[in-house]
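Using the sequences plus the hints, can you model the full thing?
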Amino acid sequence: MSSSSDSLVRMINQIAANSMGAHDPVAAVVKHLHSFWTPKMCSDLKSSNLTSELNAVAAQALAAL
Amino acid sequence: MTLLHEPDLGTPAVKSDIEVELVIDGMPTRVPAGTSVMRAAALLGTAVPKLCATDSLEAFGSCRLCLVEIDGKKGTPASCTTPCEPGMVVHTQTPKLEKMRRGVMELYISDHPLDCLTCPANGDCELQDMAGVVGLRDVRYGLEGANHLDAPTDDSNPYFSFDESKCIACSRCVRACDEVQGTFALTIEGRGFDSKISPGGTDFMSSDCVSCGACVQACPTSTLQEKTVIQIGIPTRTVETTCAYCGVGCSFKAELKGNELVRMVPLKSGGANEGHSCVKGRFAWGYASHPDRQLEPMVRESITDPWRKVSWNEAITYAATRLKDVQAKYGQQSIGGISSSRCTNEEVFVVQKMVRAAFGNNNIDTCARVCHSPTGYGLKQTFGTSAGTQNFASVAKADVILLIGANPTDAHPVFASRMKRRLRQGAKLIVVDPRRIDLVRTAHIKAEHHLQLLPGTNVAIVNALAHVAATEGLLDEEFIQTRTEEKAFRDWFEFIKKPENSPESVEAISGVPASELRAAARLFATANNSAIYYGLGVTEHSQGSTMVMGMANLAMATGNIGREGVGVNPLRGQNNVQGACDMGSFPHEFSGYRHVSDDTVRHQFEELWGTALQAEPGLRIPNMLDSAIDGEFKGIFIHGEDIAQSDPNTKHVKAALGAMECVIVQDLFLNETAAFAHVFFPGTSFLEKDGTFTNAERRINRVRPIQPPKTGKHEWEIVAELSQALGYPMQYGSSAEIMDEIATSTPTFAGVSFAHLDKVGSVQWPCNEENPVGTPTMHVDGFVRGLGQFMVTPYVATEEKSNRKFPLLLTTGRILSQYNVGAQTRRTENVNWYPEDLLEMHESDAELRGIVDGSFATLSSRVGETVMKVTITDRVPPGVVYSTFHYPTSGANVVTTDYSDWATNCPEYKVTAVELRPSIKPPQEIGMAAADLGLELVNE
Numbered sequence: 001m002s003s004s005s006d007s008l009v010r011m012i013n014q015i016a017a018n019s020m021g022a023h024d025p026v027a028a029v030v031k032h033l034h035s036f037w038t039p040k041m042c043s044d045l046k047s048s049n050l051t052s053e054l055n056a057v058a059a060q061a062l063a064a065l
Numbered sequence: 001m002t003l004l005h006e007p008d009l010g011t012p013a014v015k016s017d018i019e020v021e022l023v024i025d026g027m028p029t030r031v032p033a034g035t036s037v038m039r040a041a042a043l044l045g046t047a048v049p050k051l052c053a054t055d056s057l058e059a060f061g062s063c064r065l066c067l068v069e070i071d072g073k074k075g076t077p078a079s080c081t082t083p084c085e086p087g088m089v090v091h092t093q094t095p096k097l098e099k100m101r102r103g104v105m106e107l108y109i110s111d112h113p114l115d116c117l118t119c120p121a122n123g124d125c126e127l128q129d130m131a132g133v134v135g136l137r138d139v140r141y142g143l144e145g146a147n148h149l150d151a152p153t154d155d156s157n158p159y160f161s162f163d164e165s166k167c168i169a170c171s172r173c174v175r176a177c178d179e180v181q182g183t184f185a186l187t188i189e190g191r192g193f194d195s196k197i198s199p200g201g202t203d204f205m206s207s208d209c210v211s212c213g214a215c216v217q218a219c220p221t222s223t224l225q226e227k228t229v230i231q232i233g234i235p236t237r238t239v240e241t242t243c244a245y246c247g248v249g250c251s252f253k254a255e256l257k258g259n260e261l262v263r264m265v266p267l268k269s270g271g272a273n274e275g276h277s278c279v280k281g282r283f284a285w286g287y288a289s290h291p292d293r294q295l296e297p298m299v300r301e302s303i304t305d306p307w308r309k310v311s312w313n314e315a316i317t318y319a320a321t322r323l324k325d326v327q328a329k330y331g332q333q334s335i336g337g338i339s340s341s342r343c344t345n346e347e348v349f350v351v352q353k354m355v356r357a358a359f360g361n362n363n364i365d366t367c368a369r370v371c372h373s374p375t376g377y378g379l380k381q382t383f384g385t386s387a388g389t390q391n392f393a394s395v396a397k398a399d400v401i402l403l404i405g406a407n408p409t410d411a412h413p414v415f416a417s418r419m420k421r422r423l424r425q426g427a428k429l430i431v432v433d434p435r436r437i438d439l440v441r442t443a444h445i446k447a448e449h450h451l452q453l454l455p456g457t458n459v460a461i462v463n464a465l466a467h468v469a470a471t472e473g474l475l476d477e478e479f480i481q482t483r484t485e486e487k488a489f490r491d492w493f494e495f496i497k498k499p500e501n502s503p504e505s506v507e508a509i510s511g512v513p514a515s516e517l518r519a520a521a522r523l524f525a526t527a528n529n530s531a532i533y534y535g536l537g538v539t540e541h542s543q544g545s546t547m548v549m550g551m552a553n554l555a556m557a558t559g560n561i562g563r564e565g566v567g568v569n570p571l572r573g574q575n576n577v578q579g580a581c582d583m584g585s586f587p588h589e590f591s592g593y594r595h596v597s598d599d600t601v602r603h604q605f606e607e608l609w610g611t612a613l614q615a616e617p618g619l620r621i622p623n624m625l626d627s628a629i630d631g632e633f634k635g636i637f638i639h640g641e642d643i644a645q646s647d648p649n650t651k652h653v654k655a656a657l658g659a660m661e662c663v664i665v666q667d668l669f670l671n672e673t674a675a676f677a678h679v680f681f682p683g684t685s686f687l688e689k690d691g692t693f694t695n696a697e698r699r700i701n702r703v704r705p706i707q708p709p710k711t712g713k714h715e716w717e718i719v720a721e722l723s724q725a726l727g728y729p730m731q732y733g734s735s736a737e738i739m740d741e742i743a744t745s746t747p748t749f750a751g752v753s754f755a756h757l758d759k760v761g762s763v764q765w766p767c768n769e770e771n772p773v774g775t776p777t778m779h780v781d782g783f784v785r786g787l788g789q790f791m792v793t794p795y796v797a798t799e800e801k802s803n804r805k806f807p808l809l810l811t812t813g814r815i816l817s818q819y820n821v822g823a824q825t826r827r828t829e830n831v832n833w834y835p836e837d838l839l840e841m842h843e844s845d846a847e848l849r850g851i852v853d854g855s856f857a858t859l860s861s862r863v864g865e866t867v868m869k870v871t872i873t874d875r876v877p878p879g880v881v882y883s884t885f886h887y888p889t890s891g892a893n894v895v896t897t898d899y900s901d902w903a904t905n906c907p908e909y910k911v912t913a914v915e916l917r918p919s920i921k922p923p924q925e926i927g928m929a930a931a932d933l934g935l936e937l938v939n940e
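Respectively, the protein sequence lines represent chains A and G. Here the first sequence is numbered in the numbering used here, starting from 1 and rising by one per residue. Here the second sequence is numbered in the numbering used here, starting from 1 and rising by one per residue.
Please keep in mind that the hints were generated in silico from the structure rather than gathered at the bench. It cannot be assumed that every hint is accurate.
[To be verified] Straight-line distance between alpha carbons at most 27 Å, and here's what the computed DSS-like set of lysine-lysine pairs gives:
hint, chain 1, residue 1, chain 2, residue 2
1, G, 805, G, 869
2, G, 309, G, 268
3, G, 497, G, 487
4, G, 268, G, 759
5, G, 329, A, 46
6, G, 99, G, 73
7, G, 257, G, 759
8, G, 654, G, 309
9, A, 31, G, 380
10, A, 31, A, 46
11, G, 498, A, 40
12, G, 380, A, 40
13, G, 654, G, 921
14, A, 40, G, 15
15, G, 713, G, 805
16, G, 329, A, 40
17, G, 428, G, 397
18, G, 805, G, 651
19, G, 380, G, 257
20, G, 654, G, 329
21, G, 651, A, 40
22, G, 73, G, 15
23, G, 329, A, 31
24, G, 324, G, 99
Structural data, given as structure tokens:
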């Protein structure tokens, strides 16, 4: 597991946990990733073998990217 | 400029809509009702003789020198304590007054050393001036009577001397300490002839004195005198500039002889500080000429090699070659840069421009990442702009002050003095802090409520405060209806009413009694003007951004936005945090907080800079470090930051730096990070910089050089040359030209130029055609985003939790005399107040572990351990420990973790689960500081 991937999992789970108050939590996470993550961070996470560690909202958001 | 003497009108200005007409020495005049006769005369150009009066202090009426005669009134009243009345006819100079004043002066001089020619204040002494003004020619009483001429001198303070023999007991120092600083450290001891100034019956160093310098400034003689003036003499010229310490951004007069700095004196007309200062800005500038300072560029092939001093040309070529090699080998995204909040706007702007245009990516971040990035995020979401809402002076109109996670008496002392003044006038204070900061109980101030919460539960607390307002009918319905988005409010209202946000529920999470929460909420919500001030105790949490939005919700819900005395006000840590953020230092936005994906804005910059720019966000600092460990990020330009000491999880940071192939550090000193550098560019101190800083109230202030750069080049020149060597031409003739480019490209800075600032002093952005002299209060008629947006802010507990192995929670902060990682203050006499980092611990926790006061203890967390000296105190509750982080040897950040704010990755410095055990080894023996190692290498 790379240092980045490990961090990315933690980050997206945390973003998702803190977006639960939004009207559409998945959309809020997607918007956040588009605004603040590099494309490579998103693709690295997608291609990592850690996606099973994502919470439901984070997983849906990543899939929607 | 020659030495600037700011006019002293004797008594403070009075604000009144009513004017009174009077005649002074035959000249008719009109002044606001309540103005003293002394001030009215001074405004006409007539300086009534005075000793105990000065316009930074309330009139005192003790020296009896400012007597005047008023037609129809008996006696000779003191002009400083006599308010002007309609129709008054005043005479300031008559034979009777002349005789009386001369008599008064005779009495003063009969107990004053006649050593004027050798006195340090010769030429800058009001007593000497007044002797001349009143025409004193002899002293009939002689000098042989009872006197204080043999009184001792107190030299205990490293920066100023107290020569009691020269004291005229005018009380200006006592009043300055009370009224301006608010510390009440000085008093008049004894009565009558035995009256003398005393710092509480001890010497200055052992007293409550905080060495702000207000007493020295107020002293009309040489009794309280800067030691540099005693050593060097009276300065002969002034350069107006801005302090380079905290985010208050005080204006100073740098007073010099030639290019030698004699003293820094706070500027009365400075918008941020209005003539006040703290021990750092006033006195702790010696680091700029400290022998540790590096003045020549250096390079080395490997970080195990000794440094090699080289020419600027060689250093820049070497740095560019290494960066290009890294990009050729690892790709365009493999390098990046970090800009500094200690550098000027102009320097920051060119650094981020170099990264975007010359590096060809958006991998630019700034040290605000680790302090106030959640402020930018939270206020942008709710209000539409990433900045505080008020000016500092606004606090004078606050009726209730909600102070959250900030310790202004230590970290923002000059603003704290303003706040204390308002509190002494009767404003109520609510402190939200796990630690009992000084403001909870200090001289003439007692907080109404101290909500001593568990670290990490801020959001629960702010939600509970808003819950009370929402459920007890305390919302400002009109403000909500007219100024905020309806749907967002409805969503928030439904959320905040939920039982989980009630004080009773939150008590279980935070440890704060529900009754206390309810009382505090009612106090805040029902006052005319309630203002929120906050610091890093808000932002440096896993929910830092949520908390900022929670505070914005509370302010909007209670209608406390858009006028003086209210607002949401971040107390920024470093001098130019606001500016560094404004200048486009974040990887996702250009200057003025405009996202890189905004085609219109990006095309504007592409046209201006003549190159294509990337539309995707770049890496943040923690992403850069992670990526370095993964072997993908290989080169970095670090401008004036010491991430190896200041960023969390030191082991991780050092591993990342060690994995890079090109680390360029620009700094005054070989700091901890420089131990991992291949190129070192020596930086300039604020005394050599030419540019601007933007303080926490959005005030853009000029930073003017007192001397040319000691390194031979301005920092913006070095960046421009590096950029050029990388293949992207960047040419400026001066830093003023850089500001012109900022103004051209950044709407909030559209009206800013050096010429404009030189003319008006300072401006608070937005400064544009609409607001040519700036905007002290924001969101007056509408929010920057139009309607304010409530945000739903559920409390999510941090993942960093205490357990049996790490049962205590560590929180960190700074102390008055030291500043951040101490690179500057550790190289000044300020070490006399705080020679090492201390860890505060409650007695019960210490006893349980066999740790005694003053002993060393090993502090361990899930990521590392270090050794610190422990001080036992009831400032922290059981279960919570607190430390400063000013010394590399103590390594407080060795134990802080990678947990960070969910939205911005601002590290969670304020919550680390730790354990302590007794240690016999002091920290110095654990390992040599990297900076020391770097110095050794240079000397090899």
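Hints and how they fare:
no. : hint           : in the structure
1   : G:805 to G:869 : 21 Å, holds
2   : G:309 to G:268 : 43 Å, violated
3   : G:497 to G:487 : 16 Å, holds
4   : G:268 to G:759 : 16 Å, holds
5   : G:329 to A:46  : 25 Å, holds
6   : G:99 to G:73   : 19 Å, holds
7   : G:257 to G:759 : 25 Å, holds
8   : G:654 to G:309 : 24 Å, holds
9   : A:31 to G:380  : 15 Å, holds
10  : A:31 to A:46   : 16 Å, holds
11  : G:498 to A:40  : 40 Å, violated
12  : G:380 to A:40  : 26 Å, holds
13  : G:654 to G:921 : 24 Å, holds
14  : A:40 to G:15   : 59 Å, violated
15  : G:713 to G:805 : 52 Å, violated
16  : G:329 to A:40  : 18 Å, holds
17  : G:428 to G:397 : 12 Å, holds
18  : G:805 to G:651 : 21 Å, holds
19  : G:380 to G:257 : 46 Å, violated
20  : G:654 to G:329 : 23 Å, holds
21  : G:651 to A:40  : 25 Å, holds
22  : G:73 to G:15   : 26 Å, holds
23  : G:329 to A:31  : 33 Å, violated
24  : G:324 to G:99  : 81 Å, violated
Checked against the numbered hints listed earlier, the structure breaks hints 2, 11, 14, 15, 19, 23 and 24; every other hint is satisfied.
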